[in-house]
Amino acid sequence: MTAPAKFVGRSVPRLEDRLLLLGQGRFAADINFPGQWTMRVVRSPVAHGKILSIDAHAALALPGVHAVWTHRDVAHLPPIPFRLTGLKTLEPYRQPVLANEFVRYVGEPVAVVFAENAYLAEDAADLIEVSIEERRATLLATEHPDLYEHPYEKLTTEASVLQKAYGDIDAAFRGAHAVVALELSIGRHSGVPLETRGAIARYDEARDVLELHGAAKVPHWNRDTLAQMLGRTRASVQLYEGHVGGGFGIRGEIYPEDVLVGAAALFFRKAIKWIEDRREHLIAANHSREQTHRVRAAIDAQGRILGIDDEFFHDNGAYMRTHAATVPDLAAAMLPGPYRVPAYRAVGHIRLTNKTPCGTYRAPGRYESTFVRERLLDAIATKVGVDKAEIRRRNLIGKSAMPYALGLDTLGTKIVYDSGDYSGLLDKALALADWQNLQQELHRRRQSGEKVGAGLAMFVEKSGLGPFDTVRIEVKSDGSVEVVTGVASIGQGVETAMAQICADALGVNYSDIKVIHGQTARIDKGMGAFASRVTVMCGEATRMAAAKLRDHLLLLAAELMQSKKDDLDIRDGQIVRLKSSSGPSMPLAELARQHPLTAEATFESSHMVYPYGVHIAVARVDADTGGVTVERYAIAYDVGRAVNPKLVEGQIAGGLAQGIGGALLEEFLYDDAGEPLSVTFADYLMPTAREVPELSILVTEDAPSPLNTLGLKGAGEGGANPVGAAIASAIDDALQCPGAITRLPVTPQRLKALLAVR
Amino acid sequence: MTDKTNITLTINGRTHAVAVEPRRTLADAIREDCGQTGTHIGCEHGVCGACTVLVDGEPVRSCLMFAVQANGKKIRTVEGLADGDTLHPMQQAFMDHHGLQCGFCTPGFLMLAVGVLEREPDMSDEDLLDVLSSNLCRCTGYQNIIKAVRAAAKEMRGK
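Each protein sequence line maps, in turn, to chains A and B. Numbering of the first sequence is given in our numbering, commencing with residue 1 and proceeding in unit increments. Numbering of the second sequence is given in our numbering, commencing with residue 1001 and proceeding in unit increments.
None of these hints come from the bench; they were simulated from the model. In this text, a Cβ means the ideal position worked out from N, Cα and C, and glycines have one as well. Any given hint could turn out to be false.
Only pairs whose alpha carbons sit at most 27 Å apart, straight line, appear in this in silico DSSO-like list of lysine-lysine [stated by the list, open to error]:
#1 A:LYS428 / B:LYS1147
#2 A:LYS270 / B:LYS1147
#3 A:LYS88 / A:LYS414
#4 A:LYS564 / A:LYS579
If we take Cβ atoms under 8 Å as the criterion, some of the chain A residues that face chain B in the derived model are [as the list claims (entries may be wrong)]:
#5 ASP30
#6 LEU194
#7 THR747
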């Protein structure tokens, strides 16, 4: 008898790939229904103003144009509610489905056209005349707050101020040997998936069900919310996730367009299809990241941190969308990172400006606050005259301090680093990058005139947000296995990873397993895919359900095979006898034809799990052009347990590319009137194969999480988290000018300006 | 502008007689009029390359070509790459090297790489990198795409 196949820990090929490679994926734009109408959104051309009139006569006169809606037609719909971190004080700033009286950013939906097809709908949208009395646009979150015009409340552009603190911060600064103070800014950029958003709604009168296709990320929450907004029961609204062309945090939240197609399908009794174009995406889908921090550290003579005091300004754009205070909250909560910070205070000003509203983007809040913290560590190193690695080693939280309660909370959980060996990973990362020899090599190159240097950044990530995940597993009559989950797939390989976990726990081949996700009709509750939660939460629930089902199967089989349960095992989809090799085995299919074979399990967790990592970048500056080339890059990341190492590495590599975008290339820029300047891929520059360097990745499993059986931690965001910090550190080194980089992205123009004043 | 013209598009060896407005893009015609949705539209201004197809053997951004311009020409899309159940070496290499995640940009990369390597099988790694940098991927960070294309190039040369 052969040993049972083990799938967890192996880089098996993805179950998702074949369909996608054959061109048989079903993305939002691929979905069509007979007789559907196309929806086109008319968007505000000005950043801030009062709507005087909207004239749709010419549009409605076009043959094939069915209707035009403005706010009046949807006035009964509430603004879009918060999904996470929803503070009461933020509620007046929620976004209406269509602009009501005021427009607050270029791109805000003011009307929608329904027409026979996309070409006609676009023609009609061009004919709609929107007359707006322009107001001054607020474009800087660091300015004194302005008045925020509202129909019935007196508001300012400072929506809220959040505070997070522990320890005696004033005493820390009073007793400090020295204080290091910096002002640092992170530019406005975002996930920008290759597939734009899309939503297709269809009302099935016979079943009285509103179907929404093109769902992603959090289908169950969106079902519940859309049902509430549209005044329907949960069961009469169903969401269907097809293939999703990238998520990164921004895709799959409820946006005005999702509500509009649903409301229109109900009203007109027609299937309504909306597919975003790229310009729309760049001005209408969630932006992210833009923050300015004024941070100070109190240190002792050896550069040990005594306290960190941070005041920051978060530019959330024109409205508070579904994420509410999530991004600034995470920035404040995760800023201390892997270091011992005895006293801490963060004050975050959540400000509204006349730009596209914001939400989360891969490593939300952490890309920002890791940049701030790691710039601070580099500045402390300079202050006390030790190197970048040594200053970090002096401040890292020790392995013996785990689990480590930080004394802060976020996303409704207390932050407790569950496990970690931070200095151990630092050593491994330095070895991976050959740090000592690298320093000498770079020194030699600088001697011969090159501007080249190395940067280092460390971080703690969070992952596996609860509170629960439920999984139901069934063995079908043909012996195949179906795993029904409440999570979602945004391209990260959920089907493969869940199948691997189920395969091991149940005793079947992973390729015989079909994993269902994103289908509200198939499972009543689900949490979706965000916060690097799927592999951890759904993975553990899958293991639990599979173990339960295995027990059930063996009990049934024992009776039929006249054996003891403990003498049987399931291997490669067969129930086999352990003791005697003579007796026949039984295929699962045979058992499934006689009994319903299904089990369900729920995994609950009130704490997140915390992976951690080290990034090392080598960058070269071209003094003539101001261009930065990232020559080499090394990442060490501890994920507790890697279900599929190749997929984990894929997540890390993809995150790095996005991190490089935010560090050097990508930025949503505006002119003085609030007109967006980054509205095509010729203006908003994403990294190509030319800008992403060769990468050494070390995935370690030194600190399995004690909070789930397999020891899993999430892998989705560690590739992106510290990239801005590591590259800034490398550029400083290349210029031999510590602290030179205070703002991301480091564009050629900014770097040229920096070189000119030096 | 809305008057329709009768044209014939030959996609993966099959002819489609369709009536299109002069302004209709080839991408829309392939997807909507001929039902071949494997070709994806990512930007509609010729930068991302997700809509890349081969027209008479040349990689073309199908969002930047009008359908009428492709009248009578031979078009190849991702749906035509595999030979029955056997994946094209380029498709197989993308699977082997984890060259795709969400899969949205993948058809464009496949067609770009296949088109270029069929014309120039001995292209240097450096030139290949230049070619691949003309399409955008947001998930993989490119390294696995580069590995996959180089591996497939070797495989294609061997045949």
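Each hint, compared with the structure:
no., hint, verdict
1, A:LYS428 / B:LYS1147, "holds, 26 Å"
2, A:LYS270 / B:LYS1147, "violated, 47 Å"
3, A:LYS88 / A:LYS414, "holds, 21 Å"
4, A:LYS564 / A:LYS579, "holds, 10 Å"
5, ASP30, "holds, 4 Å"
6, LEU194, "holds, 5 Å"
7, THR747, "violated, 19 Å"
The structure fails to meet hints 2 and 7 from the earlier list, while all remaining hints are met.
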